[in-house]
Each structure stands twice: as C-alpha cells, then as structure tokens.
Amino acid sequence: MTNVDSIDVPNADHKPAQRNEPEVVLSMQGIHKRFAGVPALTNAKLELKAGEVHAIIGQNGAGKSTLIKVLNGAYKLDEGEIHFMGEAVSYASPHHAQMAGISTIFQEVNLIAYRSVTENICLGHEPKRFGMVDWRKAHAHARETLARFGLELDVERPLGSFNIAIQQLVAIARAVALDAKVVIMDEPTSSLDEKEKEVLFRVIKELQASGVAILYVSHHLDELFQICDQITVMRDGQTVDQRPIGAMNKLDMVAAMLGRDPEEIAKGGATNFASTGSSSDEVLLSIEHLKGAAGLKDVSFNLHKSEILGLAGLLGAGRSEVARAIFGLDHDLKSGKMTLSGKEVDFNHPIRAIEAGFGFCSEDRKEDGIIPQLSVRENLTLVLLPRIAKYGLIDEEKERQLVEDFIHRLGIKTASMEQPISQLSGGNQQKVLLARWLVTHPNILILDEPTRGIDVGAKGEIQALIRRLADDGLTVLMISSEFEELVEGADRVIVLQDGHSIQELANEQLTENAIMKAIAQ
Amino acid sequence: MNILSMVSNLPGMKRKAHSSRQAEGVLVALVVITLFASLRYDAFLSEYNIMTFLAYNSMFILIGLGMCFVIMTGGIDLSVGSVVALSSVVVAKVSEYGIEVALPVGILVGVTTGAINAFVITRLKIVPFIATLAMMLGARGMALVISGNQSVDVSWESNFTQFGLGKMFDFIPWPVVAMLVAFAFCWLLLEKFAFGRHVLAIGGNEEASKLMGLEVNRTLFGVYVLSGALAGLSGVMLASGFGAGQPLEGLGWELSAIAAVVVGGTLLTGGLGSITSTLLGAILLGLIFNILNFENGLGTISFSAYWQSVIRGGFLLVVVIIQAKIMNRKKAHS
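Keeping their order, the protein sequence lines are chains W and R. So for the first sequence, the numbering used here puts the first residue at 1; every next one is plus one. So for the second sequence, the numbering used here puts the first residue at 1; every next one is plus one.
If we strip away everything but chain W, and leave its shape as in the complex, we get:
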C-alpha cells in the first residue's frame, strides 16, 4: 500500500502566474433554485477567476451543495445564468460539466475502485489505436499526469488498493487529464490526516499555478487561511459576503455565516438569559476523554441531574458523535470513560443504554427516526413494547391508553392514533418521537437537533415541553445548531470544536456571543 508519507512532493509553493487582471473563468448570477416550492437558493452569485482558490462557507443548509450541484448539472436551476469561459452554459449532468472543463471531486471519491489507476484517469478519453485502447500509451499518460503532482504510483494497480488520500489525488489527476478549468472540491479534507492534507494542499497550489480555478467547500475554517484567496459566505440560500481572505478573520467568517455583527460578538457578554435553576450540582453522568467515530477526538464534560446541558459547535465538530457514543452506537470505535451515578458504564448496544435509563432522539427524523409505514400508535410504542407485552403478546388496551394519554399531553395533532406517521407535520412527528422515549420514563434524554425543520409555533411548544420535563426531573443533553435555543433553553453549554470540548459556559457567561466567540477561537 502506498502511503502518502512516502510520496516525494516537490515544493510547489510558487505563486500563481502574475497577471494584471486574472480572467473570470466562471460567473454565476441571480441563481434561484426551489425544491417543491421551498427556496434552496435565492439570488445566489459566484465569480471565479483563473488561478484562484475560492472557498464557499456557510452553515448546514446554507445552500453550498445546492450551488455546486446547480453548477455541475446535477440539479437544473430555476432561474439565473452561468457563464463559463465567456459563454452561457447549462449542463445536463456532472459528466457533461466534466467533459466541458468543470470537474467535481466529491467527498466520497466516486471513481471505480476495482479498475486500475490508469483506467480511472483515462476513462472516456482513452488513447486508441486501430479502435482499441492503447494501454501502453494510456499508462504513460496516467503516469505523466500524476507526475505533475510528484506522485509516483503503480498505475496498473486497482484504485481501491490505495488509501483514500491517494484516491482523491487520482480524482484530481483525472480532472487535470480532462483539461479542467474549474475544479470543485467538496470537503476534500474530511477523511484525511494531517500529512495527507499537506500533500493535498500542495497539489492544490500546483493546480492553481497552472491557472486552474478551484472552488473549495469546507467546514474547517482554519484550513481556508492556508490555501484560499477568496471567501464567499452563504446563508439561507443567499450569497451574503464575498471578500479576499486577507480582509477576513475567523470571527468575521462565523459572524457572516450566522448573520451576526462581529463587533457584538467580540464585545461579548451583552445579554444574559438566566436559566430557570431547576438543575442541581449533583453529577449524574460524567464523560472523560471520549473518543469515537468520525471526528470525535477528546470530549469531557459532566451532566448534572435534571439540567438541560447544551452541546454547541459547528457542523463536523463532533456533536452527534458524542450522542451516538454515549448511547452505545459505534462502540468498536469508542474509547474514554463514562461514569453514571458514580459507576463506570460502557454500553456496547443501545439496549444497554436504554436499560440504564437513556433515551436518544436522533438528528434526522426522516432517515433514522420515524418508521414511515407505521401508524402514530405503532411508532410511539416501539421502544416500550416489550414492557407492555406479556410473553410477547401486546396489551392493546394499555397501549391505546398510553398513546391517547401522550397525544393529549404533548398536544400531538393527528386525525387518530391510527394515522400513518408520515402524514403528520414535522413538528407533530417530532412530538411522537419524543413521546416514544418519554413513555419509557428515561432519566437522561439525548436530543439531537430537537427543533430542526419544524415550523415556529411547534418549535416553541417543543422547547417549552423540554423545559417542563427538565423541571420535572428529567436530565437533558441537547444538541443544537441554533445558539438562541441553547442560550434560552440550556442551563449550561459545552462548546465543541473539531472533536474537542473546548469550553463550558454557564450563568452570565452563557450568551450567543460567547458561544460564537468560543467557536471562532
């Protein structure tokens, strides 16, 4: 297996060709895109010059991916114009865009793992002789292309036998082989380690030097300062800011992504939402040096009895991973110490966590929350079922009573308990999922984005419900991207950054500005 460490990369640290006015290779103007009537992009714009590395940043759902997909033809735009090399263009698919000179390197490398490196680089434009592929020429061409990045690989080996970093570089080599003018990279460093990142950055600089424009999407703000020239900030489907990197610091970026005033953040501590004080100082759950799947590196905190503890951080900071690790998911990747009421615990299956009194409402209601084909009643009692069954036979009377009780208590709006859950509104679905856990009388409830994608009215109801539950003695660990929600709802907030717990905020320190400041540190 070839390792990136062993690759000798020439120092490609030279500056892009000096030109007085670099030409604009790509311009997107007035881009609108709606999904089923819901606007995903509203008047978005983008201008890309030759030889620049241009970053797009924004929170989850800001429209970065949609913008890229509109550009490379994965989505059809509703309104707007795209000019590439001075011509109005519109691509039917990413393949067409690639052939025209706009290549996209996806998060998950989308090449053919069991074909050779050469085939992956040359696929679709193989050198031919007498109508047959001239392999000798193809291999030479592949080697030559890779050599431009100082990569020396056995090009006849299947791509899948190389690690993900190499595969990504091969994907970039393919783009170069296709004479790309624009290369789009969507979170290219998400699965790379530090060494591999360095190699990637050098390749990016090499590309840049040869006049290729690079569109770079990343959640990792720090790396932008290493390689980017321009920053475009997106928020709620709009491009809200575009500046050279030199004119921005991290605080500005965070502020622009969230739509806040950076000065206000810098001042900090201007407002204070006092907690209701239901929490005690008794430590119920203590997490020490938790490490786990995908970007969860070192997280420690204490969860007090009947408090609402918030977990804040940008996407990719490891918030959901903390929840999953506590709940006994991804157990093979986990390390660290968990103490529940003074006793060390280690759940290797969600069942163990549930037995210990945990509940977990996951982030994505549709993907891993509801069972769409089942009714409200059936969805609500799935976890509880073994407890209201005798020898496996469900006590239907009791089930109906409980469901009716919870529909009433949580104000779930449904025609009847027999209605398929998929027909309920997002807010009511979420209430059913909350009820699914509440009916089991948990001690600790983990809520991952409990109000995401829910209309304002239902949102307030759910927040009030969570508060009420905590006042009644439930301990809540709440993950949220919305800082207002954390500040108003939580008693304390732990700020996560890049898989580490970096700060704890409570009482008068707990403000939106303080959270933002901590994230931008």
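To be clear, the hints were calculated from the coordinates, so they are not data collected in a lab. For glycine and all other residues, C-beta sits at the position ideal for the given N, C-alpha and C.
Okay, the calculated beta carbon distance ranges per label pair:
1) PRO39(W) x VAL318(R): 41 to 49 Å
2) GLU288(W) x ARG123(R): 30 to 38 Å
3) GLU207(R) x SER425(W): 17 to 25 Å
4) VAL318(R) x PRO158(W): 42 to 50 Å
5) LEU393(W) x ARG123(R): 22 to 30 Å
6) ALA324(R) x PHE35(W): 24 to 32 Å
List time: in silico DSS-like cross-link candidates among lysine-lysine, alpha-carbon distance up to 27 Å:
7) LYS250(W) x LYS45(W)
8) LYS69(W) x LYS205(W)
9) LYS45(W) x LYS205(W)
10) LYS192(R) x LYS398(W)
11) LYS343(W) x LYS297(W)
12) LYS49(W) x LYS250(W)
13) LYS343(W) x LYS210(R)
14) LYS366(W) x LYS125(R)
15) LYS250(W) x LYS195(W)
16) LYS45(W) x LYS181(W)
17) LYS210(R) x LYS366(W)
18) LYS210(R) x LYS398(W)
19) LYS197(W) x LYS291(W)
20) LYS337(W) x LYS305(W)
21) LYS390(W) x LYS210(R)
22) LYS337(W) x LYS210(R)
23) LYS205(W) x LYS181(W)
24) LYS291(W) x LYS210(R)
25) LYS192(R) x LYS390(W)
26) LYS125(R) x LYS210(R)
27) LYS343(W) x LYS291(W)
28) LYS291(W) x LYS195(W)
29) LYS49(W) x LYS181(W)
30) LYS297(W) x LYS210(R)
31) LYS459(W) x LYS366(W)
32) LYS305(W) x LYS459(W)
33) LYS197(W) x LYS297(W)
34) LYS197(W) x LYS49(W)
35) LYS366(W) x LYS76(W)
36) LYS76(W) x LYS45(W)
Output of the computed footprint for chain W on chain R, the stretches with three or more beta carbons under 8 Å from beta carbons of chain W:
37) 193-201
38) 204-213
Position chain R relative to chain W; hints supplied.
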C-alpha cells in the same frame, strides 16, 4: 356493502390503510374468478373440489406465510422449496415411527436450515438473497444425498400417511387444519405480538430500529426460523400426502411463494404486509391451476403443465399491474 369495504373489514386489514388498498386487487380477482368458475363448472363448488384444492395448496400457503414475514423485513428466502424437499425425504425415513415423531422432525429440519440462514445473514452479514441461495443449493443437495436421488417410500403401516390423506371429523383434511392453525399463528404473531411490530419496524427503517435499541438480529433470526419451520411442515405434508419423500419436488416453490406474497400486496421493500392477503394471494394463484384443470377436463382446451406455468406467469403480471394502478389512483386521491 361493496367488495372494497368488505376488504377493509377483514381481520387484520383494518389496521393498516396501505394493506387494505393493496388487497383490494387480489380480493376482486378472487371473487370474479370464483363466480366465473362456479357458473362454468358444476363440480367447482363441490366439497370434494374445495377440500382437495385447499389440501394441495396448504403447502404453498404455508411457505407463502413464512415468506411474507421474511419479505416484511426487507429480506427474501430462496431456500424454502429445497427445504420442503429435504424435509419430505427426512420424514419419509422416520415415517415408520408415526406422525408423532415425523411431524416434529420435519419442522426441526426447517428450523435448522432457517437458523443457518439467519446466522449467515445476521452474523456473517451476507445479504439474504445470497445466503438463502446457498441454502437452496445446499438443502437440495442434502435431500439428494439422503435419498440417493430416488423418491423415498414412506411407511404405510404407521399412521404417517393419515396426516396427508386423512380428515378431521371426516370432513376437513388434516393439511388444511394444519394450514389454518399456522395461519392463525402467523396472524396473531404479526397483529398482536411485539415480534410482528418489530418485524415491520425493521423492514420500514432498519437504521431507526437500531437507534431505538430494537433487537434487530434476534428478530431476523425468528423470521428466518419461522420461514424454515413452515417449509419443514410443508415437507411433512408432501411426503405424507403423496406417500413418498421427494428430493426433486419443490423446485421453484420459493418463487410461487414470493408470487403469492406479492399478489397479496406486500411490498418487496419491506415494512408493510398482511398475513390475510398473503393467504388470499396464494389461493388466487392456486385457483388459476384449478381452473385450467377444469378446462382440460371439459376438453375445451388442452394445456400441458408447461403452458399452465406460462399462463400463471402472465396472470401474475396482470394482477400486479392492476394493483399498481389501484395504488396509484388511491395515492392521487389522498
């Protein structure tokens, strides 16, 4: 009361709006064909025809019921036809000890193959299609090895053949009784037990089921063991009713079972299904054969078994297309 509202009042259909919609097609077809056949053939509604028909089709209904559970989890069990053959051969060998021994042995054969299927699927993480395909070949091979590629005569001295040929109260053939018991068992399991609910949850959204701490593997285990057990029982019926363990029988039965489940409106993607409509689906497919036999008897047409299969295939397609149309229209309405 029209047919459609009758369907939604059948037991087990009231519960799930989707299932009742899907079952409409099969019930309409069943009623139409029964009416047609009872007018055209004098003997069609005779006690003899009905009982013979049900006794023969009990084997298909049994494996259809098991298949229904498997498909509701989003899986498939291709091994049932071979397991029927294996079970028939094994029980023929022990038939001299009587049905009291043969029946549990036959079911045990099915439980064993089902447990192996489940182990391969849940522990070795092999997809059900491949895992049960391997068992389909393996069980068939075992049947041929045990029987020496010959049908195995059963003992006529013991009460073994009474099961396949005798009747309860001189009226209902024992295979029909066994089938009805299995049907009731499966219906209760799906409608009244936590197990059934978990089956639907896993088929509907496996990731969510895992996050809820449901015992996904244990449930899948139960489902494949059930499917195997019913195939084993079906094998006992085969040996007992035809007086021989038959290593080459059951070819393609797994596909008939899948057809019955699909005709009954259960989605191959899982998460949805109905035991009652699977029963109806199996009966409907059986009826096609029954009617073709009557036509052959009348001498109006003369179809070989090969042609019957072609016709059945065409019919299956028609029913499924009609169902899809009904579903789409309903969807457009709601």
